[in-house]
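Read top to bottom, the protein sequences are chains V and D.
Residues in the first sequence are numbered consecutively from 11, following the working numbering.
Residues in the second sequence are numbered consecutively from 13, following the working numbering.
Since the hints were made in silico from the structure, they are not lab data.
Mixed in with the good hints there might be a few duds.
[To be verified] The calculated label-pair distances, taken between Cβ atoms and stated as ranges, are:
1. V:E148 to D:P166: 30 to 36 Å
2. V:A177 to D:L200: 55 to 61 Å
3. V:I265 to D:D170: 52 to 58 Å
4. V:Y22 to D:P166: 56 to 62 Å
5. D:L200 to V:Y22: 33 to 39 Å
6. D:I75 to V:E148: 27 to 33 Å
7. D:L101 to V:G172: 40 to 46 Å
8. D:D43 to V:Y22: 53 to 59 Å
9. V:K197 to D:R41: 45 to 51 Å
[Claimed, not checked] With a Cα cut of at most 16 Å, we get these calculated EDC-like pairs of lysine to aspartate or glutamate:
10. D:K56 to V:D246
11. V:K216 to V:E258
12. V:K216 to D:D185
13. V:K28 to D:D185
14. D:K82 to V:D241
15. V:K83 to V:E158
16. D:K158 to D:D43
17. D:K180 to D:D165
18. D:K158 to D:D185
19. V:K83 to V:D246
20. V:K216 to V:D241
21. V:K216 to D:D165
[As the list claims (entries may be wrong)] Part of the chain V face toward chain D, derived, beta carbon under 10 Å:
22. L34
23. T36
24. T61
25. D66
26. E69
27. R72
28. D73
29. P74
30. S152
31. K173
32. H242
33. D246
These figures come from a predicted structure and were not determined experimentally.
We treat Cβ as the ideally placed atom computed from N, Cα and C, and that holds for glycine.
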Amino acid sequence: MLAYPGMDYTEYSLSFMKRRLTGLATRQRIRRKEQFLARLQDEEFRELLRTELCVDNTEMFRDPALWRLLRDKFLPALPQDAACLWLPHETSGEDSYSLALILHEAELPCSFQILAQSPSQQRCNNIEAGLINQQHHEQNLSNYKRLEDRDAYERYIVEEAGKSHIAPNLRQNINCLQGHFLSRQPKRRDIGLILFRNVGLYFNPKLNHHALRLLIDALMPGGYLVLGLKDHMPADLEKELLVCDSAERIYQKPILKEPSYGMHRF
Amino acid sequence: MECTDFKLIVVGGSAGSFSVVSHILAGLRPDFKLPIVLSLHRLKHVRSGLVEGLSLKSKLRVIEPNDKEKLQQNTVYLAPANYHLFVELDGTVALSTEESHNHSRPSIDHTLGSAAYAYRDKLLGILLTGANRDGAAGMKEIADNKGFTIVQDPLSCDIDTMPKEALKLFRPDRLMNPEDILHFLNALPG
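So here's chain V without its partners, still in its complex pose (with noise of 0.2 Å):
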């Protein structure tokens, strides 16, 4: 896999690895290593490989408390330059939603921009697309309900073409970056907020700790990193963060001070 561009997956969880690749095996028939071989030339197969390898988001407004912080407390305090929420990799676009969601109930700057991030291609197509999974209709309408306390949730989704979308004033301000972001970041210091929810489970603990390097150091000074409820945060990495709340896992990386003496004008 590693010969190829962009399917680098070396550091990710072994039994991970094995599960996702047994059950794509399984579906595609696959029982020699040879039979895998021959297929990996196929950049059709690739991205199919990429997509399974990207675990779907199990629902929108997964753990509705922590979108309600969100709204309420820690979106309207990020820092006045941030015009960026990365979501670094966002497999089926729930994140993504939910978040464009709340920003538009919450009347917040329609100025901020949604860059979701994927490996895949196809998953970059069906987030523009604002495509939603319809078996999670219903976990998404209790949680949206969870969340607001009333059923306002279809009227923020729209059926094209016999399928379920996030409503287009809604999916406006999501973009989609192609590519892993290990590889590729976006270019910008304007990011304000990083939701990586549930991602570094599938990452053995040196990768996580990169990725998470990675993620602190793209983010803007004062704003925010949001991680799974189960995510491990290794030690020394925490210790660079500001804890703002243990239970739904919401860092901030602190705002760094001018050094009074003014060394950086040398």
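Given the structure of chain V, go ahead and fit chain D onto it with the hints provided.
Relative to the frame of chain V, chain D by itself:
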């Protein structure tokens, strides 16, 4: 088979299993060393309550682990709501939000199957009362990997679907009621 040299205990259960697990944890010796992993079907979106409920009577520490946490002695690990819990070869926990299995996340099959692969004949698997087939295949994997298997006697179950599904797949080392399971565990060395 007879084996007492276990390194890990995994327990699966669904409907009716809370009271059984609670009873077992309350009755275990306070110096019971083997780590215990619990994979119990639970409401996906109720995060709190279960670990606190089990902790009330347990003499051992009961926690919901974070991802990549190392399994330790004298500790009970409960699979968190809406996450699968896998046991890795290096004795750590791997959580996952992958697809539901048998309509369940956590899936008992996933926990038991991964532990069977990682611990082989050093694993003790226990399947309790429950209302679906999840857990049956995982228990068979434990048996296939030469682990020791105990299935709750269907006659002592609130709902016997889960043990009966397991019994269709393999013959366990023991068929026991909850009280006997407790005695068996307390008789283990260490």
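Notebook entry, point to check: Would the stated hint for D66 (chain V) survive a check requiring a Cβ distance to chain D of less than 10 Å?
Noted result: holds, 7 Å
Notebook entry, point to check: Range hint 52 to 58 Å: satisfied by the CB atoms of I265 (chain V) and D170 (chain D)?
Noted result: Holds - the Cβ-Cβ distance for I265 (chain V) and D170 (chain D), about 56 Å, lies within 52 to 58 Å.
Margin query: A closest beta-carbon separation below 10 Å is what the hint needs, so does R72 (chain V) meet it against chain D?
Written below: holds, 7 Å
Check: Measuring from beta carbon to beta carbon, are L101 (chain D) and G172 (chain V) in 40 to 46 Å?
Finding: holds, 45 Å
Notebook entry, point to check: Can the hint on P74 (chain V) be confirmed by a CB-to-CB distance to chain D that is less than 10 Å?
Noted result: holds, 8 Å
Check: Holds or violated: is the Cβ of T36 (chain V) closer than 10 Å to a Cβ in chain D?
Finding: violated, 14 Å
Checklist line | K82 (chain D) paired with D241 (chain V) [C-alpha distance capped at 16 Å] | finding: Status holds; Cα separation ~14 Å.
Margin query: For K28 (chain V) and D185 (chain D), compute the direct alpha-carbon distance and say whether it is at most 16 Å.
Written below: violated, 29 Å
Check: Measuring from beta carbon to beta carbon, are E148 (chain V) and P166 (chain D) in 30 to 36 Å?
Finding: holds, 32 Å
Item checked: Interface hint outcome for D73 (chain V) [beta carbon to chain D under 10 Å] -> holds, 8 Å
Next item on the list: Just tell me: holds or violated, for the beta carbon distance of D43 (chain D) and Y22 (chain V) against 53 to 59 Å?
Entry: At 39 Å between Cβs, range violated.
Next item on the list: So, S152 (chain V) near chain D? Judge it on the closest CB pair being under 10 Å.
Entry: Because about 8 Å separates S152 (chain V) from the closest Cβ in chain D, which is inside the 10 Å limit, the hint holds.
When the structure is compared with the earlier hints, violations turn up for hints 4, 8, 9, 10, 11, 12, 13, 16, 19, 21, 22, 23, 24, 31, 33 and for no others.
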